[in-house]
Amino acid sequence: RKEVEQDPGPFNVPEGATVAFNCTYSNSASQSFFWYRQDCRKEPKLLMSVYSSGNEDGRFTAQLNRASQYISLLIRDSKLSDSATYLCTTGGTSYGKLTFGQGTILTVHP
Amino acid sequence: ETGVTQTPRHLVMGMTNKKSLKCEQHLGHNAMYWYKQSAKKPLELMFVYNFKEQTENNSVPSRFSPECPNSSHLFLHLHTLQPEDSALYLCASSQDLRGTYGYTFGSGTRLTVV
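Chains L and X are the protein sequences, given in the same order.
Using my numbering, read the first sequence as starting at 167 and increasing by one per residue.
Using my numbering, read the second sequence as starting at 3 and increasing by one per residue.
Don't read these hints as lab results, they were simulated from the structure.
It cannot be assumed that every hint is accurate.
Capping the alpha-carbon separation at 30 Å, the derived lysine-lysine pairs in DSS-like fashion look like this [unchecked claim]:
| hint | chain 1 | residue 1 | chain 2 | residue 2 |
| --- | --- | --- | --- | --- |
| 1 | X | 54 | L | 245 |
| 2 | X | 54 | L | 211 |
| 3 | X | 54 | X | 24 |
| 4 | X | 38 | X | 21 |
| 5 | X | 21 | L | 168 |
| 6 | L | 211 | L | 245 |
| 7 | L | 208 | X | 43 |
| 8 | X | 20 | L | 168 |
| 9 | X | 54 | L | 208 |
| 10 | X | 20 | X | 43 |
| 11 | X | 20 | X | 42 |
| 12 | X | 43 | L | 211 |
| 13 | X | 54 | X | 20 |
Distance ranges between label pairs, derived from CB positions [stated by the list, open to error]:
| hint | chain 1 | residue 1 | chain 2 | residue 2 | range |
| --- | --- | --- | --- | --- | --- |
| 14 | L | 276 | X | 22 | 43 to 51 Å |
| 15 | X | 29 | L | 222 | 24 to 32 Å |
| 16 | L | 195 | X | 56 | 35 to 43 Å |
| 17 | L | 218 | X | 85 | 28 to 36 Å |
| 18 | L | 276 | X | 43 | 41 to 49 Å |
| 19 | L | 276 | X | 69 | 29 to 37 Å |
| 20 | X | 40 | L | 176 | 15 to 23 Å |
| 21 | X | 55 | L | 182 | 49 to 57 Å |
Cβ coordinates follow ideal geometry from the N, Cα and C atoms, glycine included.
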């Protein structure tokens, strides 16, 4: 089983749609959780951290369920500029280093 | 400059060449990483350095040789590479080895081996 598993997609949605990505992780000792965004042929950039209480940043909402070892990202009112690959990431264990999922591809079309 | 800077941005090299990739971070971070990302594939961790000491070598072939002279600089020396080594090479840094606050990535070096 992969340490971090994501549905690779691709997700093709129209502008204005709401889309949700899910991610599961296997290491119950994980303490840090993030969503990264990676544009085509560019480096990953931190989109948002994920907290147990859930957190929101504009159109983006991240949720963490520790009991189920599950992380989600909700994007409301999708924009063309949201088209990218979204990477689920866990870390903060005594083993060090972050673990990245394989990414979920999102394409928002007009 | 701020953040993580990688040079060169693009590199084309022959299989018999020797070249080096450079990474510099201006964030005061203590850990640095090399990742490889082949086309349409996930990130592959190559090396981890913490306070300039190597803490992880992820079974990387010896034709890739990292060097970390201090906590701010990281190099990846390349020699006798193969065409399948063509990829985007990303450097990253983090405040601590656990990545408690996430990683900051450089823009990457797009390497083509001919």
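Results of checking the hints against the structure:
| no. | hint | verdict |
| --- | --- | --- |
| 1 | X:54 to L:245 | violated, 42 Å |
| 2 | X:54 to L:211 | holds, 24 Å |
| 3 | X:54 to X:24 | holds, 15 Å |
| 4 | X:38 to X:21 | holds, 16 Å |
| 5 | X:21 to L:168 | violated, 34 Å |
| 6 | L:211 to L:245 | holds, 18 Å |
| 7 | L:208 to X:43 | holds, 13 Å |
| 8 | X:20 to L:168 | violated, 35 Å |
| 9 | X:54 to L:208 | holds, 26 Å |
| 10 | X:20 to X:43 | holds, 26 Å |
| 11 | X:20 to X:42 | holds, 26 Å |
| 12 | X:43 to L:211 | holds, 17 Å |
| 13 | X:54 to X:20 | holds, 23 Å |
| 14 | L:276 to X:22: 43 to 51 Å | holds, 44 Å |
| 15 | X:29 to L:222: 24 to 32 Å | holds, 26 Å |
| 16 | L:195 to X:56: 35 to 43 Å | violated, 24 Å |
| 17 | L:218 to X:85: 28 to 36 Å | violated, 46 Å |
| 18 | L:276 to X:43: 41 to 49 Å | violated, 29 Å |
| 19 | L:276 to X:69: 29 to 37 Å | violated, 48 Å |
| 20 | X:40 to L:176: 15 to 23 Å | holds, 18 Å |
| 21 | X:55 to L:182: 49 to 57 Å | holds, 50 Å |
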